[in-house]
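*Asks:* Okay, here's what each chain looks like letter by letter:
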Amino acid sequence: MNIAELLDHIEGWWISAAMRGELPGTEWLFPIIETLHVMAFTIVFGSIAMLDLRLLGISSRASAVSRLSNEVLPWTWTAWCLAAVFGTLMFMAKAQTYAGNLEFRLKFVCMGLAALNMLIFHFGTFRRVASWDSAEPPPSAKAAGALSLLLWMGVVFFGRWVGFTT
Amino acid sequence: MFRPFADWLADTTLSKTLQNLPWVVPTSQSLHILAVSIVFSSACMINLRLMGVGRSGRSVSQLSATLIPWMWRALAVLLFTGLIQTVTEPVRQFVTPMFWAKMMMIIVVATMTAVYAKAVRRNAPLWDAAASRPAPAKAFAILSTLLWLAIIFCGRFIGYTWSFYA
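Residue numbers (this note's numbering), protein chains in the order written: chain A, 1 to 166; chain B, 167 to 332.
Isolated chain A, as found in the complex (with noise of 0.2 Å):
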């Protein structure tokens, strides 16, 4: 089965049918799965962005990065998993024209950016981060905190795009 084919069988599925409020009952389904998606999703950019604005040196000065990461991350991602869940909700809905929509593209490629962003900082600048934790962030913990505050702004951007193209 090729990708197109397998983005039609899931259209086909009936849960997907009632995410379009084509089931008895379900026409405010989507509304509201969309707006569950949007709640968890501000969870995820808040607490990422007060880590951001810590490494940043803007925000939070008072605390230790490694006690701020440890307080918010938790957080960050419970609230991913479940906008994930709710975001893939929504996929099913229309699989086939959001999957060739270029806006829906763009947001995941923001997002995969910011994972890789997330990835190198763990392992390189946030290993040593006992030398840094309650100074100034080394010029590398900066420039992961402006990086990964831009990519989500894109997730943000491009995704709120996606229900005006589609």
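The set of hints was computed from the structure by calculation and includes no laboratory data. Check the hints yourself; a few may be wrong.
Claimed, not checked - Label pairs and their calculated CB-CB ranges: (1) Ala280/B <-> Asp133/A: 30 to 36 Å; (2) Thr183/B <-> Gly12/A: 54 to 60 Å; (3) Trp132/A <-> Ala290/B: 27 to 33 Å; (4) Trp132/A <-> Ala242/B: 29 to 35 Å.
Yeah, the Cβ is synthetic: ideal placement off N, Cα and C, and Gly gets one too.
Once you have looked at the hints, place chain B on chain A.
*Replies:* For chain B alone, kept in the frame of chain A given last:
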């Protein structure tokens, strides 16, 4: 009662100029989502600490002193982008009860937050220790979280309900 005003506003030069720029509404909405992410995440971090949920990190007064100024800044962005969206599409906003419910809840939660911020600033040690924390703290935390969730819900549902009333 607001419909004639909405029709008048939609007919002004400013509104018509904005209506003819198709990027204005999606861009403004994206910034609106980014700003509400800051507000809601900050509120959740403070409220969870007040309820004693989550990993121990910063104290209630530290969290409030760091995050509440960001909430006001983000609220200013929300007000500005919300105003742009209202001037561009006034009918869409004014006809649905979702818009008015949202506005009313914003007034309530912003007032609550201002009162809370002042109380914590005045007596930080009292609020930091769970044992001495004033009794309304938990009620404030739960109510504020629910109000922000309801505000996001109404915000998203303006777009899904206005056509029934227009």
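*Asks:* Per the hint of 30 to 36 Å, is the separation of the Cβ atoms of Ala280/B and Asp133/A within bounds?
*Replies:* Holds: the Cβ-Cβ distance is about 34 Å, inside 30 to 36 Å.
*Asks:* With 29 to 35 Å as the target window, see if Trp132/A and Ala242/B comply at their CB atoms.
*Replies:* holds, 32 Å
*Asks:* Do Thr183/B and Gly12/A keep their Cβ atoms within the hinted range of 54 to 60 Å?
*Replies:* Violated - the Cβ-Cβ distance for Thr183/B and Gly12/A, about 45 Å, lies outside 54 to 60 Å.
*Asks:* Holds or violated: 27 to 33 Å for the Cβ distance of Trp132/A and Ala290/B?
*Replies:* holds, 28 Å
Hint 2 alone, counting from the list given before, is not met by this structure.
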